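Given the coordinates of chain A, work out where chain B should sit on it, guided by the hints.
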Amino acid sequence: MKLSKILKNGFLIVVACLALSACATSKKSTGQMQGDVYTGTDTVEYLASGVPDRVFFATNESVLTTASRETLRKQAAWLRKNSKITIVLEGHADERGTREYNLALGERRANAAKDYLMTYGISSDRISVLSYGKERPVDSGSNPLAWSKNRRSVTVKAN
Amino acid sequence: MKNILIILIIFLIPVKSFGLIEVDITRGNLNPLPIAVSPLSIDEESRKNFQNILKKKNIGSEISSIVEKNLKVSGLFNPLDKDAFLQEPDIANLKPRFEDWNLIKAQALITGKVSYVDEKLRVEFRLWDVLAGKEMMALAFTTVPNNWRRVGHIITDKVYERLTGERGYFDTRIIYVAEEGPKTQRVKKLAIMDQDGANNKFLTLGNELVLTPRFNPTSQMVTYLSYFRNLPRVYLLDIETGTQEVVGDFPGMTFAPRFSPDGKKIIMSFAKDGNSEIYTMDLENRIVEKITNHPSIDTSPSYSPDGKFISFNSDRSGYQQIYVMKSDGSNVKRISFGKGIYGTPVWSPRGDLIAFTKLHKGKFYIGVMRTDGSGERLLTENFYQEAPSWSPNGRVLIFYRETKTDSKGKGFSAKLWSIDLTGYNERQVPTPTDGSDPSWSSLLSN
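Here the protein sequences come in this chain order: A and B. Residue numbers for the first sequence follow my numbering, so the first one is 1 and each next one is one higher. Residue numbers for the second sequence follow my numbering, so the first one is 1001 and each next one is one higher.
Okay, chain A solo, but in the shape it has when bound (with noise of 0.2 angstroms):
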């Protein structure tokens, strides 16, 4: 009895370890990246308390992430209440792809943002969309936490 006890909680101790070294190995950031989409705030500003204004990207994608459409929902609240505001919608790319290709991509980003926003009944009329490629970084930095920050669309008041 007493022996199994020891044994099962050894064992415990062991299965802990193994998730705590997995946790450190597979996160890879320093808290403010997750996989390579940016979590920090560094250069995130409000449209109004408590409204983010802007959304990061993974490399590449343009798949919106979960913390992402919750800081769109909070936009679309904030435009529900304020129906004379307008937006524009500024997509972003990093500087690790061609000129042109990263137009595109950041027409893509911004456009996933909008379509978004439209399905919390925000009217496609109050939308632009605005893409500067790779064009206006936010961080010089030629590292992968500069470009995650670059990564990204930003809702701009147009009026």
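No wet-lab data here; the hints were simulated from the structure. Everything numeric in this text was worked out from a predicted model, so none of it was measured. Careful, some of the hints might be misleading.
Here are the computed distance ranges between Cβ atoms for each label pair [as the list claims (entries may be wrong)]: (1) Ile-1053(B) with Pro-144(A): 56 to 62 angstroms; (2) Gly-1351(B) with Gly-50(A): 57 to 63 angstroms; (3) Gly-50(A) with Val-1288(B): 41 to 47 angstroms; (4) Glu-1208(B) with Thr-43(A): 20 to 26 angstroms; (5) Lys-1082(B) with Pro-144(A): 51 to 57 angstroms.
Counterexamples of contact, computed for chain A against chain B with all Cβ distances above 12 angstroms [said to hold, decoys possible]: (6) Gln-32; (7) Thr-39; (8) Gly-40; (9) Val-44; (10) Tyr-46; (11) Ser-49; (12) Gly-50; (13) Pro-52; (14) Glu-70; (15) Trp-78; (16) Lys-81; (17) Asn-82; (18) Ser-83; (19) Ala-112; (20) Lys-114; (21) Tyr-132.
Ideal Cβ positions, reconstructed from N, Cα and C, are used throughout, including at glycine.
Only chain B this time, still in chain A's reference frame:
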């Protein structure tokens, strides 16, 4: 810019084909041909006239140093040190003492003469085979004095053509985007310069972002992307008159423009609802045609020189790859199958190769492949580089390269570079500011 002047070319002596010197440009030239460029001789009265007009002390030497520099930059020639020349320029032009030139190991010799005739610049020059002791070519030009740099480029083109058997690329210009300011707020202007970096001129003021200028292969028209009024659209610019117009009436961003080889159409991408497709617009009748139809990003289109095919890049397979289709959009075929991401395909003016940008394992490459995707050859590797553009003879590529910034985000630069198709002779192309998105013109003369 108005003086794209007609330059009168007279063949002094009919050019005969001897079994004389030849330069092979098909392989990396590790033994550039030793050539002596004797300063063009000039009589004292002409020298004074040109000094008044052009503020150059000796226009003969100025023109020959342009020739010398062009030949050196081509990588195929090794212009010899003038201090070693034994024969006076005026006498050499009449009758070279071949044994003297042989002594300094020159295999070819260029001599010539400049004179002031009826307010014009008259230049004659001769190319000599030193070993055979024979004249290979003799030509004379007459033009307005202001064209003196172009005379140097035309002489180089003629010498290059005579010695390699292929057209030159020296009497050409480069249009590009001049860049200044911090990386997060770059100010970009259209700029144009001679192929050697001289006569740089800005064509826009930098008030709006401009990108990807490209020459019409048949004229001095340019198409480019401008963010005028924050609406990214393809524009057409006449660099002689400065007039410009939006190309087409698209309800969204148009980008990635290029001319068709006959200069009559512009091919470009139009982005809408997250999907970029390729379109053409006929510049005469304004008819717009949709060429691709796929829910992926289709962009960076470039025609084959016969106009029958279009290469472009698309991420329809998941990542950017290069495709070729017929010019009506049918028969789409993927041609890039190597490891990595491929973009910016540009068809060679000779028709046999496509130059591209490749990203693999965090490095960017400029490379070439045959038009069916076979024979991929990477010419240069770097942290970031893209957008190759061909010299009009298809022997040299110009592209731009950006540096990696340090941990503080400092140290960014963008520069123009050129490399021979052989993978040799990589050089930075001088620009007064940073530069990107270069496009090479066709030959200005002829």
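### Task
Return the numbers of the hints above that this structure violates; sort them in rising order.
19, 20 and 21
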